[in-house]
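Both chains are sitting in their own frames, so use the hints and assemble them into the complex.
Here are the chains, one letter per residue:
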Amino acid sequence: MTISTIRLTGVAAACAFFSINAYAEDSSLTNPAISAVLDGYYQNTERPMSERVEGFGLGHTEVAMSANIDDMFYGKLTAVIEVHDGETELGLEEAFIQTMAMPYGLSMRAGRFLSDIGYLNNQHVHTDAFSDRPAAYRAFLGSHYFDDGLRVSYVAPTDLYWTMGAEAFKGDSMQAADEHGERDYKTIGVYTAFTKIGGDAGINGSWQAGLSYLRNENGRMTAEEHDDHAAVQEDHDHDHSHSAQYTGENTYVADFVYKWAPNGNYKYQHLTLSGEYFRVADFKPLEEEHDDHGSDAHGDSGKDYQDGWYLSSVYQFSPKWSAGVRYGQVDTQLMHDDHFDPQKLKETEVSLAWHHSHFSTVRLQYTNQQGTNFDGIEDDNVITLQYVMTLGAHGAHQF
Amino acid sequence: MALGAANSAVAGINIFACEPEYAALAKELAPDARIYSATTAMQDPHQVQARPSLIAKMRQADLAVCAGADLEIGWLPMLQMKSANAKVRSTDQGLFFAAEQIDTLDQMASVDRSMGDVHAKGNPHLHFDPRRLLGVAEALTQKLAQIDPGSAAEYQGNLTRFSQRWNDAIPRWEEKAKPLQGNKVIAYHSSFKYLYNWLGIEQVADLEPKPGIPPSSSHLATLLTRAKQGDIMAIIIASYQSERGADWLGERADLPVIMLPMSVGGNDDSIDLFGLYDSVIDLLLAAQ
Chain A
1 MTISTIRLTG
11 VAAACAFFSI
21 NAYAEDSSLT
31 NPAISAVLDG
41 YYQNTERPMS
51 ERVEGFGLGH
61 TEVAMSANID
71 DMFYGKLTAV
81 IEVHDGETEL
91 GLEEAFIQTM
101 AMPYGLSMRA
111 GRFLSDIGYL
121 NNQHVHTDAF
131 SDRPAAYRAF
141 LGSHYFDDGL
151 RVSYVAPTDL
161 YWTMGAEAFK
171 GDSMQAADEH
181 GERDYKTIGV
191 YTAFTKIGGD
201 AGINGSWQAG
211 LSYLRNENGR
221 MTAEEHDDHA
231 AVQEDHDHDH
241 SHSAQYTGEN
251 TYVADFVYKW
261 APNGNYKYQH
271 LTLSGEYFRV
281 ADFKPLEEEH
291 DDHGSDAHGD
301 SGKDYQDGWY
311 LSSVYQFSPK
321 WSAGVRYGQV
331 DTQLMHDDHF
341 DPQKLKETEV
351 SLAWHHSHFS
361 TVRLQYTNQQ
371 GTNFDGIEDD
381 NVITLQYVMT
391 LGAHGAHQF
Chain B
1 MALGAANSAV
11 AGINIFACEP
21 EYAALAKELA
31 PDARIYSATT
41 AMQDPHQVQA
51 RPSLIAKMRQ
61 ADLAVCAGAD
71 LEIGWLPMLQ
81 MKSANAKVRS
91 TDQGLFFAAE
101 QIDTLDQMAS
111 VDRSMGDVHA
121 KGNPHLHFDP
131 RRLLGVAEAL
141 TQKLAQIDPG
151 SAAEYQGNLT
161 RFSQRWNDAI
171 PRWEEKAKPL
181 QGNKVIAYHS
191 SFKYLYNWLG
201 IEQVADLEPK
211 PGIPPSSSHL
221 ATLLTRAKQG
231 DIMAIIIASY
241 QSERGADWLG
251 ERADLPVIML
261 PMSVGGNDDS
271 IDLFGLYDSV
281 IDLLLAAQ
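Sequence order for the protein chains is A and B.
Residues in the first sequence are numbered from 1 upward in steps of one, following my numbering.
Residues in the second sequence are numbered from 1 upward in steps of one, following my numbering.
So here's chain B without its partners, still in its complex pose (with noise of 0.2 Å):
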């Protein structure tokens, strides 16, 4: 049993990751696979580009690990085609898509692009809830023993030892950012939705006027106005977003501009999916 699980992890399979936290977790649940992630914290996963390195990484990909909920709708499917890889076509094989394995938050019955780009699957970001993103681990757990089940008894093996860490650190978490509840917040798109719905933060209101379109100079005034109601914690962006519309609302409202780490790799602190949430608490406590 020993030497067949060693043999495996020698031949490890190839991961694809379509953003770095789905990386991350890949990583806690098959450390000996080679693990590719398509983005980084500080891109934009909406758009990006099907460019011909993510091309070439997804031909070898024994398995895709994506948020879904039509996040990677600009590129994922071109990367498909492209890479001609039979493996990663659909969930029923070696793609795997976060979004499928929970209820996302909201979804909608019907969409139009008046509302901006929004999407009728839910928000697709959400790594920032840990019980979701717990759900999601067991999910993918079954995906890795499905792709290779020799390799099974490990994947669960890591899973178990994964979910431990985890369940001792959701309490020990919710007990840090207990300050941080009831705080009301102005955002820039709904990047972080699962974090202030897990905290019990409100994001009163978005620097974007609608989703996917950046914000506006009138758009700003209205926020500047509510901004002035004196009850805003923080404004905060991602990694990826820019500073330039949070920090011309946080210089006239008189308050702080907060960059959070999108993902791991956002900032130095955030080497795995641990100290994402560490470094993503620290940095909202410390605001106050």
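Pulled out of the complex, with its shape left as it was, chain A reads as follows (with noise of 0.2 Å):
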């Protein structure tokens, strides 16, 4: 606690410094740009792998400051409050620059940030639909997965838009878990490569398909030591770690997003319709691969990857009401002395958001779970309330 309260000053400082410039009359693209989100919900139970807890609650509520440094660098800082067990913590989502004046369609991105792969990934999460991330965020991304690290990333100079980058990160919260201490990680532990291509279709559609693919060096489990019950999710709930639960060495997402409107107008109605299929492959010990005829035996399906995907609808049918439909499942394997025992989640959605202005949400979401083998969930429901708020500088909307 003593390490946040001396953050916090650090971020008061910080607040005081960029303050000075914010009575600027001109805010807009040139001097800083000051928001806050406050996110606040009462739901009734929980959700696996989920931040959120159950009763009242504070969700992701961040502070987030960002404008261009010069003529040539970008910078952006979002720190994250979160109450857990009566403690306040502060954690830095984002501390980025970016480059804005590189030739030839290129860029850079070094510092915090959050990773480029997959569709949602890069999209704060107070702008999502749902109050909490597909079950395969969750299990394979830690909700949404950001660390420290650099990018690379181009854009084809088309009128189809293409783009295509690259990124190296520490890793730490894609870790297998270390049973006993000892593990050696390798200090870049992350590289993902993606590419996305997008365009209109016709005067009331757009939309982007995309591509990646991480890997991740830690990513595979160290061989069983007949420890019961060692497994992935060790560390496990609550702990605000943002840590994947379910970690593999190969993990490849595919993702589409379509959007409508009449004549192009989001004012009104709009449609989106989204989804992404994950498969975190390679996830079991190389020793145990070797002799996996022997673990065969054990029932084990021999099968070497993890997958989950989820389908989205959201309508938006008058400025004030949108309302949401998404299904989503995991499978996953979780070891289990010298075996692995599959598990499944399914998750059924809908979510019904009232927005009284571009700023305020209230939204009521009900979620269906049934589960296999999946922390004892059967057949749960989840009620979840909940407000998301932003105050000061606009955010701009990404597709």
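It is worth saying that the hints were derived from the structure and are not from the lab.
Keep in mind it's a predicted model, so treat the numbers as computed, not measured.
Mixed in with the good hints there might be a few duds.
Lysine to any residue pairs mimicking SDA-like chemistry, simulated, CA-CA at most 20 Å apart [claimed, not checked]:
#	chain 1	residue 1	chain 2	residue 2
1	A	Lys76	A	Leu58
2	A	Lys320	B	Ser279
3	B	Lys210	A	Ser318
4	B	Lys87	A	Asp70
5	A	Lys320	B	Ile213
6	B	Lys87	A	Pro103
7	A	Lys320	B	Pro215
8	B	Lys176	B	Ser279
Cβ-Cβ distance ranges computed for the label pairs, FRET-style [as the list claims (entries may be wrong)]:
#	chain 1	residue 1	chain 2	residue 2	range
9	B	Asp268	A	His356	33 to 43 Å
10	A	Asp70	B	Asp103	23 to 33 Å
11	B	Leu224	A	Glu89	50 to 60 Å
12	A	Ala193	B	Asn167	32 to 42 Å
13	B	Glu243	A	Val350	26 to 36 Å
14	B	Arg34	A	Ala193	30 to 40 Å
15	A	Asp70	B	Lys178	19 to 29 Å
16	B	Pro211	A	Asp70	25 to 35 Å
17	B	Asn167	A	Leu273	27 to 37 Å
18	B	Leu224	A	Asn122	38 to 48 Å
To give an idea of the chain A side of the interface with chain B (calculated C-beta under 8 Å), a few residues [as the list claims (entries may be wrong)]:
#	residue
19	Tyr74
20	Gln98
21	Ala101
22	Gly105
23	Val155
24	Pro157
25	Thr195
26	Gly198
27	Asp200
28	Lys267
29	Tyr268
30	Ser357
31	His358
32	His397
33	Gln398
Beta carbons: idealized from backbone N, C-alpha and C, even for Gly.
Structure, rendered in structure tokens:
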């Protein structure tokens, strides 16, 4: 807690510093944009792998500052304040610089930032139409994967949007659990590569599709040493670590999004269809694989991948109201002695949101969970009542 | 000289216009350029998505021409970042904000979100003031010359021709619109603030309770009371705005609802800036 307090003081000082400029009349592109997002909720029970606890709680409360640093660099700082077990924790979700003046459509981002793999991952959670990320995100990316590293990306000079990029990260939050505390993790743990293409489909529609690959050097488990119940999700549920619960060496993601609005006018109504598929492969200890004829005998299917997907549809049917439906599932493997037990979680969700303005949302969400060996879940119902409100600068709308 | 102009015309610069009125203005000044409009008159420019096609177009732009005054604040910064095109990053280079070239109406010393989605830099829908728009055209010509110095003389010539036609049209429009002077309207948002200001029309009430907040039934009820005073000429909405609230009020107050093109392309007559002005004035006159 002491550390958090010191950090808080640091941010307070930073705020004081930034606010001097914030008084300047022109606040759009040259001076810091400062915003805060307030997120509060009531939830009748818990979702596995989620940060939201039962009862009243605060979600992702964040304070962000961003500005052009000079003609070459842009910078952003996002601090997230979370309350957990009565303790106020301060985390940095973003602290990055990005180049703005490199030639040939190239740009670089360095520091701490959200990875650009998949569709949802680079978006801030408070822009979602549901109170939690799909189960696949919670299982494989710790809800949203941000990390310390470097990105290089390129946008092609074509009428069809085409971008590609690569990232290298520290990867701490993506490490497979270390049961014995003696594992040698690689310093650069995660490498990614991604590409996205997109365009318009007539005057009413727009689309984007992407493929991503994530190489996790520390994603494979270490060999089992007959401790009972050593599991990847050992450091469990509510530790706010944002760590991936299920890891593997190779992760493949396919994503698409289609948005529709009459005449392309998003003011009154629009529809968003999106979906992603994750396949996390190669998670078993290599040693185990070599003599895996033995483990097959234990009823282990021998499947060396875990997967998950979701499909979501959100309809904003008036400026004040929007409704969403989402279905998602994850199939993961839990290590149990010398074999793996398959687990499954299916979530069917509906949400209804009321937006008084562009900056305030009150949401009611219902989730039905069907689980097989998943944290003891069989048939659960989760109801969440949530508000998400933005103060200060306009956040830009990402597609 | 003629050869040089012809060559650069073939090369043609790439212009990304945030709104169709600036695409139209760019076309008057740089007819040989490749011009792309990010929005249409049927789209609310406040709520545009930073969609992939726009990123791709901005990636290739030599010049981005936008209204400014924070109209595009929700999407332009995202496009600038995602398109990774250094040329359109700053107004020192290939970025042009119309609102920065003139004095905007309704600037505010202090702004609070409880006032709705208002911006301190004033009303950005300035393309309905012919004199302000001429000022913008002059500044845009200089910008074009800066981006593409080889064609500077050509741009200057195009400006001269445009301002001549425009200056000829202004008194004609003002003469035609004389009967509208002193009339009162109820309108949606401050979309046509400059038009009313120019033609001497008074907007006495707004269908939006506050900027960016859709009409509520209680607000419409107060508008109905106001409308029944009997001095309102019409209810006016822009081509991208919903007619629902306006129709409700129009029926009960027995007032015509006029949908004015917000920009070039907003109706069949608005093929360019001249057509847009003519069409808007004709539609208003027809309601009288």
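Structure-based check of each hint:
1. A:Lys76 to A:Leu58: 23 Å, violated
2. A:Lys320 to B:Ser279: Distance of about 32 Å is beyond 20 Å: violated.
3. B:Lys210 to A:Ser318: At roughly 17 Å apart (the allowed maximum being 20 Å), A:Ser318 and B:Lys210 satisfy the hint.
4. B:Lys87 to A:Asp70: 15 Å, holds
5. A:Lys320 to B:Ile213: The hint holds at about 9 Å.
6. B:Lys87 to A:Pro103: Between B:Lys87 and A:Pro103 the Cα gap is close to 9 Å, so the pair holds against 20 Å.
7. A:Lys320 to B:Pro215: 10 Å, holds
8. B:Lys176 to B:Ser279: 12 Å, holds
9. B:Asp268 to A:His356: 33 to 43 Å: 37 Å, holds
10. A:Asp70 to B:Asp103: 23 to 33 Å: Check passed, 29 Å falls within 23 to 33 Å.
11. B:Leu224 to A:Glu89: 50 to 60 Å: 53 Å, holds
12. A:Ala193 to B:Asn167: 32 to 42 Å: With a Cβ separation near 57 Å, A:Ala193 and B:Asn167 fall outside 32 to 42 Å, so the hint is violated.
13. B:Glu243 to A:Val350: 26 to 36 Å: 31 Å, holds
14. B:Arg34 to A:Ala193: 30 to 40 Å: Holds, since B:Arg34 and A:Ala193 (Cβ atoms, about 32 Å apart) stay within the stated range.
15. A:Asp70 to B:Lys178: 19 to 29 Å: Check failed, 52 Å falls outside 19 to 29 Å.
16. B:Pro211 to A:Asp70: 25 to 35 Å: 33 Å, holds
17. B:Asn167 to A:Leu273: 27 to 37 Å: About 51 Å separates the Cβ atoms of B:Asn167 and A:Leu273, which means 27 to 37 Å is violated.
18. B:Leu224 to A:Asn122: 38 to 48 Å: Because 47 Å falls inside the window, the suggested range holds.
19. Tyr74: Check passed: Cβ of A:Tyr74 comes within 7 Å of chain B, closer than 8 Å.
20. Gln98: 7 Å, holds
21. Ala101: Cβ of A:Ala101 sits 4 Å from chain B, so the hint holds.
22. Gly105: 5 Å, holds
23. Val155: Holds. Min distance 5 Å.
24. Pro157: Result: holds, 5 Å to nearest chain B Cβ.
25. Thr195: 12 Å, violated
26. Gly198: 3 Å, holds
27. Asp200: Holds - the Cβ of A:Asp200 comes within 8 Å of chain B, reaching about 4 Å at its closest.
28. Lys267: 4 Å, holds
29. Tyr268: 5 Å, holds
30. Ser357: 6 Å, holds
31. His358: Result: holds, 6 Å to nearest chain B Cβ.
32. His397: Interface hint status for A:His397: holds (5 Å vs cutoff 8 Å).
33. Gln398: 6 Å, holds
The structure shown violates the earlier hints numbered 1, 2, 12, 15, 17, 25.
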